[in-house]
Amino acid sequence: DGGITQSPKYLFRKEGQNVTLSCEQNLNHDAMYWYRQDPGQGLRLIYYSQIVNDFQKGDIAEGYSVSREKKESFPLTVTSAQKNPTAFYLCASRPEGQRRYGYTFGSGTRLTVV
Amino acid sequence: AQKVTQAQTEISVVEKEDVTLDCVYETRDTTYYLFWYKQPPSGELVFLIRRNSFDEQNEISGRYSWNFQKSTSSFNFTITASQVVDSAVYFCALSEAQAAGNKLTFGGGTRVLVKP
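Each protein sequence line maps, in turn, to chains W and R.
The first sequence: position 3 = 3 (the numbering used here), numbered continuously.
The second sequence: position 81 = 195 (the numbering used here), numbered continuously.
Treat the hints as calculated values from the structure; they're not laboratory data.
Accuracy of the hints is not assured; some may be wrong.
As the list claims (entries may be wrong) - Distance condition first, Cα-Cα at most 27 Å in a straight line; then the derived BS3-like pairs of lysine-lysine: (1) W:Lys57 - R:Lys117; (2) R:Lys152 - W:Lys9; (3) W:Lys57 - W:Lys14; (4) W:Lys57 - W:Lys71; (5) W:Lys14 - W:Lys83.
Claimed, not checked - Label-pair restraints from in silico Cβ distances: (6) W:Pro39 - R:Asp169: 29 to 39 Å; (7) W:Gln17 - R:Asn166: 41 to 51 Å; (8) W:Gln17 - R:Thr145: 43 to 53 Å; (9) W:Glu62 - R:Ala214: 16 to 26 Å; (10) W:Gln56 - R:Thr145: 19 to 29 Å; (11) W:Thr77 - R:Ile174: 42 to 52 Å; (12) R:Ser167 - W:Gly2: 22 to 32 Å; (13) R:Pro154 - W:Ser7: 13 to 23 Å.
What the hints assert, rightly or not - If you only want the chain R side, here are some residues facing chain W, beta carbon under 10 Å, derived: (14) Glu124; (15) Tyr146; (16) Tyr147; (17) Tyr151; (18) Asn166; (19) Val203; (20) Glu210; (21) Ala211; (22) Ala213; (23) Ala214; (24) Phe220.
Every residue, glycine too, gets a C-beta built ideally from N, C-alpha and C.
This is chain W alone, in the form it adopts within the complex (with noise of 0.2 Å):
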């Protein structure tokens, strides 16, 4: 079955460390976005990608990074200039031009700072 896979399920980090997030997608989807989510809280956008080897920032892009070298994986990166980097992550994908379609998304990554 088609879908998204993001590794792992619950992510611990030390304060100072980068840690990468894994988005894995098998749906053929051209475009891939990534969404933090804190506690009782809405979706925001750090990056997007729409084609391989190209992507762009969202409304939170400070501290992160991402790559788009394969358009099946679209990998996260939180750096050590991410000061409060505890908080759930989304990955989704969705077809490219195709507005009739919603996002799939993954099952998330629950990051901790200890």
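Once you've looked at the hints, dock chain R against the given chain W.
Relative to chain W, chain R alone:
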């Protein structure tokens, strides 16, 4: 100004009560799509329904129903005879042509708590 507004941040009901979640949107597009997603405590967002701007028929799926009114730019969601399993955060979202990056625009979400 927010493009998708979910004015209710949290709704608490007792099991078997009906609950209606409001969603008001803003767009200049004549063709657009609206979505509802459910986020249970596990975290993953689950797609519930899509509605395009040309179809104003209300839809019912089991205990769920949706009321789309273009005249008031609203796409409200009703859960009839709520159950504890309906406890979740519900997001309304808009898909429009002018959105950069082919992005959906989400409302802030409404947390529904159904008490036994």
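We went through each hint and held it up to the structure:
1. W:Lys57 - R:Lys117: holds, 20 Å
2. R:Lys152 - W:Lys9: Distance ~19 Å between Lys152 of chain R and Lys9 of chain W Cα, so the pair holds.
3. W:Lys57 - W:Lys14: holds, 25 Å
4. W:Lys57 - W:Lys71: holds, 18 Å
5. W:Lys14 - W:Lys83: The given pair, whose Cα atoms are some 12 Å apart, holds under the 27 Å limit.
6. W:Pro39 - R:Asp169: 29 to 39 Å: holds, 36 Å
7. W:Gln17 - R:Asn166: 41 to 51 Å: This hint holds: roughly 45 Å between Cβ atoms.
8. W:Gln17 - R:Thr145: 43 to 53 Å: Once the Cβ atoms are compared, 46 Å apart, the range 43 to 53 Å for Thr145 of chain R and Gln17 of chain W holds.
9. W:Glu62 - R:Ala214: 16 to 26 Å: holds, 19 Å
10. W:Gln56 - R:Thr145: 19 to 29 Å: holds, 24 Å
11. W:Thr77 - R:Ile174: 42 to 52 Å: With a Cβ separation near 44 Å, Thr77 of chain W and Ile174 of chain R satisfy 42 to 52 Å, so the hint holds.
12. R:Ser167 - W:Gly2: 22 to 32 Å: Given a distance of about 28 Å, which is inside 22 to 32 Å, the answer is holds.
13. R:Pro154 - W:Ser7: 13 to 23 Å: holds, 20 Å
14. Glu124: holds, 9 Å
15. Tyr146: holds, 7 Å
16. Tyr147: Nearest chain W Cβ about 5 Å off; hint holds.
17. Tyr151: holds, 8 Å
18. Asn166: holds, 7 Å
19. Val203: Interface hint status for Val203 of chain R: holds (9 Å vs cutoff 10 Å).
20. Glu210: Nearest chain W Cβ about 7 Å off; hint holds.
21. Ala211: holds, 6 Å
22. Ala213: holds, 8 Å
23. Ala214: This interface hint holds because 8 Å falls under the 10 Å limit.
24. Phe220: holds, 5 Å
Violated hints for the displayed structure: none, as all numbered hints are satisfied.
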